[in-house]
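Assemble chains R, X and A onto chain B, guided by the hints.
Protein chains: 4
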Amino acid sequence: MRTKDHQIESFKNKMKNRGRLLIQCPDQPGIVAAVSQFLFENGANIMESNQFSTNPEGGTFFIRIEFECQDLLERKSSLQENFAKIAETFSMEWKLTFVHDLKKTAIFVSKELHCLRELLWEWESGELITDISLVISNHTEAKELVESFGIPFVHIPMSKDNKRQAEEKQLQLLQEYEVETIILARYMQILSPDFVEAHPFKIINIHHSFLPAFVGARPYDRAYQRGVKIIGATSHYVTNELDEGPIIEQDIIRVDHRDHADDLKKTGRSIERSVLARAVKWHLQDRVIVYGNKTIVFN
Amino acid sequence: MRTKDHQIESFKNKMKNRGRLLIQCPDQPGIVAAVSQFLFENGANIMESNQFSTNPEGGTFFIRIEFECQDLLERKSSLQENFAKIAETFSMEWKLTFVHDLKKTAIFVSKELHCLRELLWEWESGELITDISLVISNHTEAKELVESFGIPFVHIPMSKDNKRQAEEKQLQLLQEYEVETIILARYMQILSPDFVEAHPFKIINIHHSFLPAFVGARPYDRAYQRGVKIIGATSHYVTNELDEGPIIEQDIIRVDHRDHADDLKKTGRSIERSVLARAVKWHLQDRVIVYGNKTIVFN
Amino acid sequence: MRTKDHQIESFKNKMKNRGRLLIQCPDQPGIVAAVSQFLFENGANIMESNQFSTNPEGGTFFIRIEFECQDLLERKSSLQENFAKIAETFSMEWKLTFVHDLKKTAIFVSKELHCLRELLWEWESGELITDISLVISNHTEAKELVESFGIPFVHIPMSKDNKRQAEEKQLQLLQEYEVETIILARYMQILSPDFVEAHPFKIINIHHSFLPAFVGARPYDRAYQRGVKIIGATSHYVTNELDEGPIIEQDIIRVDHRDHADDLKKTGRSIERSVLARAVKWHLQDRVIVYGNKTIVFN
Amino acid sequence: MRTKDHQIESFKNKMKNRGRLLIQCPDQPGIVAAVSQFLFENGANIMESNQFSTNPEGGTFFIRIEFECQDLLERKSSLQENFAKIAETFSMEWKLTFVHDLKKTAIFVSKELHCLRELLWEWESGELITDISLVISNHTEAKELVESFGIPFVHIPMSKDNKRQAEEKQLQLLQEYEVETIILARYMQILSPDFVEAHPFKIINIHHSFLPAFVGARPYDRAYQRGVKIIGATSHYVTNELDEGPIIEQDIIRVDHRDHADDLKKTGRSIERSVLARAVKWHLQDRVIVYGNKTIVFN
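Chains as they are written, first to last, in UniProt numbering: chain B, 1 to 299; chain R, 1 to 299; chain X, 1 to 299; chain A, 1 to 299.
Hints may be right or wrong, so weigh each one.
[What the hints assert, rightly or not] Here are the simulated lysine to aspartate or glutamate pairs, EDC-like style, with alpha carbons at most 20 Å apart: (1) X:K294 / A:E124; (2) X:K265 / R:D101; (3) A:K4 / B:E112; (4) X:K143 / R:E147; (5) A:K294 / X:D221; (6) B:K265 / A:E124; (7) R:K202 / R:E88; (8) A:K294 / X:D256; (9) B:K143 / A:E124; (10) B:K266 / A:E127; (11) R:K4 / X:D221; (12) X:K111 / R:E127; (13) A:K281 / B:D256.
Everything labelled a hint here was simulated from the structure, so no lab data went into it.
Since we're looking at a predicted model, the values are computed, not measured.
Isolated chain B (complex conformation):
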């Protein structure tokens, strides 16, 4: 994994002056002027900017600005302090993130490995930029694959009886590794409410249907029974309503009467893996903002 470490260091170095400002506040005139004036005065050059308002006359305003700023890492805290004043004026919820600080990620997986594989490949090729801290599974199928990428694999068996203990072990590991984002890459287990609440909009799931069609178990079988002509996959943040969390990305693929449930399952894999990979990428780049039970995706 020497090559991979080297690649990451080079990325971090290249991006050491790159920051992102994410803001959400009641819409009113003058927000963009104030924020862009702030960035200008602080020597920050806007690289990309996306904004959206639910209703320019009194709705909620969202903006994501990616900028370059000399000596950003040294100036982190002074920037934060200075911006706090503007934020107060406009009653902003906001955060400043630094591209240099890679988000730490844990991937949860069960027996089916196609989504995990896609993430590992895109990570290795540099398309998915994150620090994959570990992979956790209730089975051992993924062990060899994960370790071949030099990533720690932890097997935590899961049964009805030991669910609480298993989740405690998971939580301990997440804390230990300071994990920020959890990816359920076909994990097939329902997380307990406490686990979910401890990670609000930090857990990304892939559901193998075009939600809200076929919420819950065995969506391909049910799609087959219903005789749909198109199947889908949906990536969403996990909430405590099963498959009802904010949708990040969806995609579909055509099927026909010749496809049995097993064919749908095979065919569906290709969109499951690409939909999850896109959703994860956008999340890691701070492009996804949750608003109510929906997402704004600045991609």
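Frame of chain B; chains R, X and A shown alone:
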């Protein structure tokens, strides 16, 4: 409409020797041999053939054969009689249709005209080949458009109180015009069970969602509420389970966080009209076979 | 056409305070701050903003801002004057447009009417907002259709011998009607260099292939000969290099070995019309910026 | 690789009675009757059948039949002999293939591994069923990956000076391993005419553009220069006309003005790998028939 009449006559003349054989029977060896031998002996040349078996070892077998046969119109009844023997041997459900005999169609519409318009245009340009007997509406918005194509328009107002009488009037017209296929081009009324049962798998609806997501009323509003990233349209045969009939065709289009419910409605129109037009075309060409609550589409 | 007039007046009234600022200039820090400060000080509320830089360190910067401003129509010239100072500082090319001032459009058409029809329908339904001044054709097939929408239709026959005179007549009409945008809705004639140069990036064409494949005549025949599995349509600004102008929008549709050249032609119509309609819509909304021989599309 | 061997044996056993009959002949009445009668008399049950005629009145007829037949492996030669008589009557070109006999495949690769990876994964998961005999590369990047799947990797450096010798070595290996299908998974070298002619329609390439746009080198750079809004990938059989061989499959993906040439390259990878994988799968299943410079794909 002189031009249109001329175009239709020319089509019928060109297709006067074109027939279609549709068969459904328990699968067993020898079916294709028997059917193709029959066609060969009767001087019919196969132009297109599609087959499907739910399970070649004891499932149900389906075949659609389009053929050319000299003097077909004169030989209709002799062909039917001769084939009956083969059909008996293999316990076939079957029908022989003649492309020359255009299916008679009625279009039901309400206030929104985009689907009706698409059908009329494709009909006029010769892409949709049918005999549009009449258009029936509970409103008058479509009157001018329909009559400009030389097609009878009948306004039958519909209220809670007069539903039974209105439907009786509709049924009378369908009988009078010998209508075979009924197209609900955004008709927005739920047909009574008796009406539906009188036309099994002869009524084609367009539902403005990606079924089975958003069954029922106001699908775009609900899609907006759910925050989906893709919207869809579904054309299906009408049964007495609302939006649960066999699906013929579906398609989708991307939307994003900027799209309000009204934008979804506008955007969705483009797929509603193309999905319905495709489903109708396939139905008119005897390409859609209902099997259980699903369709086999030989396209 | 009473209804249509009424619909347009209502739109113009609703949009009377809506303006758009389009800017292109060398990238440097402070542009967004200056522009947004200007808008804020002039009482303009940003409704939508899109920006792009070819290279934030010394490239070209583009921004499109849609804003609302009290009494905009009265303040047009003062706004223009005030902004001129900022524009000078940053060496901007810019324009300020007013949604209330509908762009005047002429549609050129030949014998095939599907693209014209789509534009007229979307115009009538309020999805395409423009002032269609007239339709010009070298044939008469479109006459009845165009006039049924209450739009002037002018027949200008075109032959090798009269091309110069015919174009002069066209130019005269365009001037008379003060036309801003010319749409070639399958016009099938090559405009003379003088004609094109008189309307830089104001003439939108639909080419019935996925450019740069099949530049020039008979693209569907050539696509059939090549055995492609997908066909396309491309809408672009007309320049004096045939089919080489800046591309605005493209789309594709699948075909297979069963499709003859005629089938490709039929199938292709559905994407030709939707691609052209989208390109026209974006152009009319000032969403398309030409840069070199490419477009930036802020949609 | 124990698991993989086991999986293959189990597939071969399950398919030991499965054969495919591929026929191409002048169209005339009675072909289907004769062929299906032959299969019936020989105890073969049709599992899937696809046919196509370039023109039912005197064109070329193509049929692909997949069938099950007791003790097929023992009856191979008798079936071949018996069918030869029918074939003669109808002047057929034909072949009988046996699913049990996995096609032997060689993959050629250079430095970019995404297409190779996709093939290896789909092979490992059982979606791509073939006997991958070896991977040949002019570089060493793929060595570790290939060998981790238990597949022989052969490094044959390639320079202007040693091209002839290098190709001779390749040919020797192909012969030694009895390779039937050669897959160029982003191989980036032009094969010599002799090499190509020795493997007619047995070499499958992936070209990173939507052919016939951007034939030749650096298609993404040229797509970027042209400002296209959609990029594509094309899988085709290799002939001695560069990028002009019969197209098997194509697909596309949207891009926009923000995408630099490097982004197109990254984005394009996802369709390159899926397009190549589909083309290879169809070829291995005898679903692709070359006719002139086109393909008929019975999928």
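Starting from X:K294, check that the Cα of A:E124 is at most 20 Å away, please.
Cα-Cα ~43 Å, so violated.
Are R:K4 and X:D221 close enough, with their CA atoms no more than 20 Å apart?
violated, 27 Å
Just to be careful, I want the Cα atoms of X:K111 and R:E127 compared with a cutoff of 20 Å; is the pair within it?
holds, 17 Å
Taking only the CA atoms, is the gap from A:K4 to B:E112 under or equal to 20 Å?
Within the cut-off at roughly 16 Å; holds.
Given the hinted pair X:K143 and R:E147, is their alpha-carbon gap at most 20 Å?
holds, 18 Å
Straight-line alpha-carbon gap B:K265 to A:E124, limit 20 Å
Measuring from Cα to Cα gives roughly 16 Å; hence the hint holds.
Need the status of pair B:K266, A:E127: alpha-carbon distance at most 20 Å?
With a Cα-Cα distance of about 8 Å, the restraint between B:K266 and A:E127 holds, given a limit of 20 Å.
Please verify whether B:K143 and A:E124 have alpha carbons no more than 20 Å apart.
Answer holds: B:K143 to A:E124 is near 16 Å, not above 20 Å.
Distance restraint between X:K265 and R:D101, which requires alpha-carbon spacing of 20 Å or less:
violated, 26 Å
Satisfaction of hint between B:D256 and A:K281, Cα-Cα up to 20 Å:
holds, 18 Å
Given pair status - X:D256, A:K294, alpha carbons within 20 Å:
Distance of about 10 Å is within 20 Å: holds.
CA of R:K202 to CA of R:E88, is that 20 Å or under?
violated, 26 Å
Hint compliance for this structure: hints 1, 2, 7, 11 are not met, and every other hint is.
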